[in-house]
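Trainee: Those sequence lines, one after another, are chains A and B. Read in order, the letters of the first sequence are residues 26 to 362 in the numbering used here. Read in order, the letters of the second sequence are residues 26 to 362 in the numbering used here.
Because the hints were derived from the structure by calculation, they are not lab data. Please note that a few of the clues may not be correct.
[Stated by the list, open to error] Partner residues aside, some chain A positions facing chain B, computed with beta carbon under 7 Å: (1) K31; (2) I34; (3) I40; (4) N100; (5) F102; (6) A104; (7) I107; (8) P197; (9) R201; (10) R252; (11) G336; (12) Y340; (13) N342; (14) P343.
[What the hints assert, rightly or not] PhoX-like cross-link-like pairs, simulated, lysine-lysine; straight-line CA separation at most 20 Å: (15) A:K31 / B:K217; (16) B:K31 / B:K217; (17) A:K31 / A:K170; (18) A:K170 / A:K157; (19) A:K217 / B:K31.
We treat Cβ as the ideally placed atom computed from N, Cα and C, and that holds for glycine.
Protein chains: 2
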Amino acid sequence: MPELRKDPIIDRWVIISTERAQRPVFLAEEEAPPKAGLCPLCAGNETMTPPEVFAIRPDHTPPNTPGWTLRVVPNKFPALRIEGALNKEGVGLYDRMNGIGAHEVIVETPLHGQTLYTMNVASVQNVFVAYKERTIDLLRDKRFKFIMIFKNHGAVAGASLDHSHSQLIALPIVPRRVFEEINGGLAYYKYKDRCVFCDIIAQEAEDGSRVIYENEAFVAISPFAARFPFETWVLPKSHVASFLASGNDDNYYALADAVSTILKKNNKLLNAPPYNYMIHTAPADLASVPYYHWHIEIIPRLTKMAGFEWGTGFYINPTPPELATTFLREVSLSEGA
Amino acid sequence: MPELRKDPIIDRWVIISTERAQRPVFLAEEEAPPKAGLCPLCAGNETMTPPEVFAIRPDHTPPNTPGWTLRVVPNKFPALRIEGALNKEGVGLYDRMNGIGAHEVIVETPLHGQTLYTMNVASVQNVFVAYKERTIDLLRDKRFKFIMIFKNHGAVAGASLDHSHSQLIALPIVPRRVFEEINGGLAYYKYKDRCVFCDIIAQEAEDGSRVIYENEAFVAISPFAARFPFETWVLPKSHVASFLASGNDDNYYALADAVSTILKKNNKLLNAPPYNYMIHTAPADLASVPYYHWHIEIIPRLTKMAGFEWGTGFYINPTPPELATTFLREVSLSEGA
Numbered sequence: 026m027p028e029l030r031k032d033p034i035i036d037r038w039v040i041i042s043t044e045r046a047q048r049p050v051f052l053a054e055e056e057a058p059p060k061a062g063l064c065p066l067c068a069g070n071e072t073m074t075p076p077e078v079f080a081i082r083p084d085h086t087p088p089n090t091p092g093w094t095l096r097v098v099p100n101k102f103p104a105l106r107i108e109g110a111l112n113k114e115g116v117g118l119y120d121r122m123n124g125i126g127a128h129e130v131i132v133e134t135p136l137h138g139q140t141l142y143t144m145n146v147a148s149v150q151n152v153f154v155a156y157k158e159r160t161i162d163l164l165r166d167k168r169f170k171f172i173m174i175f176k177n178h179g180a181v182a183g184a185s186l187d188h189s190h191s192q193l194i195a196l197p198i199v200p201r202r203v204f205e206e207i208n209g210g211l212a213y214y215k216y217k218d219r220c221v222f223c224d225i226i227a228q229e230a231e232d233g234s235r236v237i238y239e240n241e242a243f244v245a246i247s248p249f250a251a252r253f254p255f256e257t258w259v260l261p262k263s264h265v266a267s268f269l270a271s272g273n274d275d276n277y278y279a280l281a282d283a284v285s286t287i288l289k290k291n292n293k294l295l296n297a298p299p300y301n302y303m304i305h306t307a308p309a310d311l312a313s314v315p316y317y318h319w320h321i322e323i324i325p326r327l328t329k330m331a332g333f334e335w336g337t338g339f340y341i342n343p344t345p346p347e348l349a350t351t352f353l354r355e356v357s358l359s360e361g362a
Numbered sequence: 026m027p028e029l030r031k032d033p034i035i036d037r038w039v040i041i042s043t044e045r046a047q048r049p050v051f052l053a054e055e056e057a058p059p060k061a062g063l064c065p066l067c068a069g070n071e072t073m074t075p076p077e078v079f080a081i082r083p084d085h086t087p088p089n090t091p092g093w094t095l096r097v098v099p100n101k102f103p104a105l106r107i108e109g110a111l112n113k114e115g116v117g118l119y120d121r122m123n124g125i126g127a128h129e130v131i132v133e134t135p136l137h138g139q140t141l142y143t144m145n146v147a148s149v150q151n152v153f154v155a156y157k158e159r160t161i162d163l164l165r166d167k168r169f170k171f172i173m174i175f176k177n178h179g180a181v182a183g184a185s186l187d188h189s190h191s192q193l194i195a196l197p198i199v200p201r202r203v204f205e206e207i208n209g210g211l212a213y214y215k216y217k218d219r220c221v222f223c224d225i226i227a228q229e230a231e232d233g234s235r236v237i238y239e240n241e242a243f244v245a246i247s248p249f250a251a252r253f254p255f256e257t258w259v260l261p262k263s264h265v266a267s268f269l270a271s272g273n274d275d276n277y278y279a280l281a282d283a284v285s286t287i288l289k290k291n292n293k294l295l296n297a298p299p300y301n302y303m304i305h306t307a308p309a310d311l312a313s314v315p316y317y318h319w320h321i322e323i324i325p326r327l328t329k330m331a332g333f334e335w336g337t338g339f340y341i342n343p344t345p346p347e348l349a350t351t352f353l354r355e356v357s358l359s360e361g362a
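Whole structure, please, built from the sequences with the hints as guidance.
Mentor: Structural data, given as structure tokens:
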């Protein structure tokens, strides 16, 4: 059984994934990802994954057969286990709980070689719809406090499979970074009676030097204190605390348009970089607070300079966000981008 | 002039290093590190670096000539600038200050190809002595609040030069992670009237399952909530808040012995992994508080799984610290290790 352990000094939980660790993990032993024919995420290979929990497929096609355009399956090597009651206990001065949770894979396309870069906006929209549907379903389980949605694209960014996919982990805790943002937002709100994210969006709209792209509902900015070159945040222009609350069809289409535009621009400017993105959203019990504002953070993995950052929380960003904005704005996405 | 910018939501400063950014940084454009003959850190090439600010060398040898066993020079491409007054200002809701600081390189050996793995304990001790001497000197400058000392070994860990070296950055702020540890330590102290690190050391000594190595003055443990496989912390056994206060010769020899032992064991078990280490120490004005306890965190860079961690503050560690401890303990360092 995996285990969640709390750092005794700072407020951070870590999954200690005992089941994945039959032996130590060494870089050199990494296996190459399977090729198209043998890829468990490809259409035709549905039996290579656990049974699907969600799919976008024609009505006449049975589950776990080809025909789908998007599919969600449990992770074959889950970091957390769905079975059991959540037990918390102390071990001397330490705290731990058993690793209850869910870990799912969103297969974004049946085609090996397609990516969010190359998919059309409607297909990207489906990905966000799938995130929403799975989140709603998993939050029925009261053991779960937070649904963490993220994407690793490319081996450098942590993807172990080439086939375009994202992941979802349902957690019995709120991850540290989101928790800190909520606290920061709350402190600002107490002082100013306004949402800090809304204020940022207003200031960026007026300033203009860090706005990469916007449409009717979403804006993509290079954050003022960006940690990484070409780090981009996509935020709803109006105040919405939870990703779920942005979820009517029009909004998710606009979201897909904004995310897709940034990814295409990154792809062209930065030569198809590996990247991560993560959705930061209010936990279920704070879904409509006035002081938090959901968003997606997109981080191309361009530098290896990020060595000591984990140990210090200190970042050196060699590309000012204003410069990144200028470069990304100049990228033209006319035909075939 | 580089700039320090504060994240408007959470309490984190970032260096926006404008001078390093003549153009965007792309992974593919990285250059291979120079070979021995052309290496600016090698003995004989002293003129390729800025003039030394500290050296361990025979009395009869002039500065910036061969003969030294250790040398400290300003970084040729500093992330921060030493000249000027520290100015802080607001920009709408944002906060920034100019990038005042120092950035130095500790050249640990005159020999290309030597590493902390292969150097003898007395030579490793010299490295810690150099950290101490430079820290004392830089803290005379009242603009600096914190001296951050870290090592990147191997390209994957962020080293741009092969020649064994570590780095020091003098900062006008305390980096976030250290600040959080101080706050966590203070909260624990208020509640228990004891140092949380001292309590951890006592509990680990009694439990034993996460103690990798110890000598008379230092202990090396796998932390209970380790974020990374084979993450190791080296701590002084007695309560000491500041790295400087551990600095008599005997103590630094014991420190060098402990760090050297862990690095040698990592080297043998994990096949000379790239790694980072960082010194977490109390800032100058908290140098003798009862609630903080300095230590070194050593992190082999074994997995590429750390993709989304920056965005969520959430870690999945596939190697339980008890298992890492067992493996590392079993490594024998008898002759030639």
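Trainee: Would you mind marking each hint as holding or not holding in the structure?
Mentor: Hints versus structure:
1. K31: 6 Å, holds
2. I34: 4 Å, holds
3. I40: 4 Å, holds
4. N100: 11 Å, violated
5. F102: 10 Å, violated
6. A104: 5 Å, holds
7. I107: This hint is violated: A:I107 lies away from chain B, its Cβ roughly 16 Å from the closest one there, beyond 7 Å.
8. P197: Since the shortest Cβ distance to chain B is 12 Å, the answer is violated.
9. R201: With a minimum Cβ separation of about 3 Å from chain B (threshold 7 Å), the hint on A:R201 holds.
10. R252: 6 Å, holds
11. G336: Holds: closest Cβ of chain B sits about 4 Å from A:G336, inside 7 Å.
12. Y340: 5 Å, holds
13. N342: Check passed: Cβ of A:N342 comes within 5 Å of chain B, closer than 7 Å.
14. P343: 4 Å, holds
15. A:K31 / B:K217: 18 Å, holds
16. B:K31 / B:K217: Measuring from Cα to Cα gives roughly 33 Å; hence the hint is violated.
17. A:K31 / A:K170: Holds - the C-alpha atoms of A:K170 and A:K31 are around 16 Å apart, at most 20 Å.
18. A:K170 / A:K157: 15 Å, holds
19. A:K217 / B:K31: Given pair A:K217, B:K31 holds - Cα atoms ~18 Å apart, limit 20 Å.
In this structure, the earlier hints numbered 4, 5, 7, 8 and 16 are contradicted, and the remaining ones agree with it.
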